[in-house]
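**Q** Sequences and hints are given; from them, build the entire structure.
These protein sequence lines map, in sequence, to chains E and V.
For the first sequence, the working numbering begins at 34 and goes up steadily by one.
For the second sequence, the working numbering begins at 1001 and goes up steadily by one.
Misleading hints may appear alongside valid ones.
[Unchecked claim] Listed next, the in silico SDA-like pairs over lysine to any residue satisfying Cα-Cα at most 20 Å (straight line):
1) V:LYS1132 <-> E:LEU190
2) V:LYS1132 <-> E:ARG189
3) V:LYS1132 <-> E:PHE186
Worth flagging that the hints you see were computed from the coordinates, not collected in a lab.
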Amino acid sequence: MSGRLPRLWLALVYLLLYVPIAVLLLYSFNDARTGYRWGGWSLRWYRALFANDTLMDSLWNSLALAAAAATLATAIGALTAFALHRYRFRGRELMHGLLFVVMMSPEIVLAISLLALFLLVGLQLGFTSLLIAHLTFCLPFVVITVLARLAGFDARLLEAARDLGASEARALYTVLLPAILPALLAGWLLGFTLSLDDVVVSTFVGGPSYEVLPLRIYSMVRVGLKPEVNALGTLLLVFSLLALALSQLLLNKQKS
Amino acid sequence: MTSPLLSLRAIGKAYAGRPVLLDLSLDVLDGEFLTLLGPSGCGKTTLLRLIAGFEHPDQGSIQLAGADLTAVPPERRPLNTVFQQYALFPHLDVFGNVAYGLRRERRPRAEIDLRVREALDLVQLGEFARRKPQQLSGGQQQRVAIARALVKRPRLLLLDEPLSALDAKLRRQMQLELKRLQRELGIAFVFVTHDQEEALSMSDRVAVLHAGVLQQLGTPREVYERPANLFTARFVGETNLFPARVLETQGERVVVDCAGQRRTLPTPGFAPHAGQAVNLLLRPEDIRVLGPDADHGLPGTVIERNYKGSTLDSLIRLDSGQEVLVSEFFDEDDPAFDYRLGETVKVSWVDGWEWMLPADG
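**A** Structure representation (C-alpha cells):
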C-alpha cells in the first residue's frame, strides 16, 4: 500500500511533463485540416513544412545563429575560465561575480540594454547584433561550466607533462584539453539550446533582414497556427534528442 | 660514484619574502641514491622542484653534467620526476601514460612500443598496459609513475615522497624495489622523504635539511652515529642528551663532568677547552642499565618497560628529572637484565660510545 501513492504521484508528474510533447508529436502526424480533431495518420504537415520557405529559412537562420553563438561562446568562455582559474590578478573575484550578474539579470533588462547599446554605436540590427546578443547571454554559462571542471583538475598533471618533455602549449593540448572536453561540449550544447529558443532578446535586437525561428512562429500564431508548426516542433525535438545522445556517448567514451 | 652529476651552487629561494632555501650547495654523484631528509616545511620539496625546473632559484645555479640548467625549462632537462600522488594522466591508459614522454620526442612507433613494454616489464606491470590508472591499486599506480619516468632513460630521477601514500607493508616492498631498480639501472636517484628510517635504509648518502639550511650531508651511518648538530641528532633516530662540562684536556682525551660523574672520554671532532659546556649524545642502544650498587652511572628509576621482540625498551627517570630511553637487546640468560617498574638502577655507557657536541652548536 505504502508504495502506491508515491508511484501515482510520480506518474502524475511525468504525465504533466510529457503530455504536451506527446500531443505535439501525435498531431504532427494528424491528417485533419484544423487542429483538434483526429483525421488519421499523414505526413502532409511535414510536406507543407518543407514547402514553406519562410519557415524553413527562419529555421536555418536559427540553427546557424545558435551554432555560431555557441561556438564563439565556448571558445571565449573556455579561455576566460582558464584565466580565472590559473591566474591570480586584481579584480578576479569581481570578474567571477559579474558572470552571475549576467546570468541572473532578467532577460528583458539584458534585451533593452543591448538594444540601447546597438542604437548608440549605430549597429544595423540583423545577424551581427543577434550574434553579439546571444554570445552575451551564453558566455557566463560556458565559463561557469568550464570553471567547475577546472576546479577538479590536478595542476600537477601539467607539471608531469612538462617533466616528460611537453612544451607548455603541448601540455595544455594533450592533458588539459582532454580533461575539460566534457565541459566544453556541455557548454556548447547549453549555449546552442539557449540561443535556439530565445525569444525576448531576439525580439529586441533582431531585424527584418535576419528572422529567427521563435519569432517567425510567434508571428504565425497571431494569424492562426498551422499544424506544420507541430511537424517543426517534432523535428527539433528529435534533433535535440540526437544531440543529447551524441554528447552522452562522447562523454561515456571518455570515461571508460 | 665519481664526478658530480648535479651541482647546486649557493641556491637561495624565498616565497613572498619568506626564505625557503638559504645559500644551499649540494652535489649529487653519478649513480648514487641521495635522500633529502627533513621535516615538512624544511624546503626539501622546493629543492626538488628547483632541480626539476618547476621553480626558479632567486640566487645560485644548477648544473647537470657540466651544463647550466638554471634557465632551462623542465621539458628540456634530461631528468624526470616521480610525483607524490603519481600525477598519472587519467584519460590515458597505462601504455599511453608510459608512452607519453616518448611521443613528445617523436620516436618511431616501433621503438615506443618496445621501450614501453620494457619499462612495464621492469616494474612488473606488463599485463596491465590497457588498464586506466583509476583501475589500479596505489602500489600499481606508483609503478606506472616510475615506469613513465624511467622510460625516458634520464640521467637523474627525482622522487617526491613517492611512498607516502602506501600502507606500511607495501611501502617496505617498494623501498626494496626502488633500491633494486636504482642498482640495476645505475641512475642517480634524488629521493625526498620525511621518514628517517626510509632515508637510512635506502640511501647511499643523506642530506638533512632544516629551515632551508643543509644541516648535514653524509652516509646514513655518519648521519646516525656522528650527527653534525642537535637537530640532526634528534631528527634522525632517538637520542639521549646529557649536558656536561669540560674539566680538562689530556692529549687525546678529555675529562668531563656529567651530573657529578667524572668521565675521561676520547677527544671529539672539535677542539674542546676547559670550562666549555658540551652535550653528550647517546643512542638508546648504547646505554647500559646497571644495578643500583654499580660504582658508576647516573641513578634513576625504571618508569616504563616495553617488550619489542628483539629489544626491550625502557624509560628511566634520572634523579635529576631527565628521562632516558634505553633499548637493550634481549638476552634471557642475563640475570641482571630483568628490571621491574619502579626499581632503582644506574644508567651508564661505555666510554667512547658517546658523541660529543658543543652545547652552543
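**Q** What hint numbers does the structure not satisfy?
**A** Those not satisfied: there are none.
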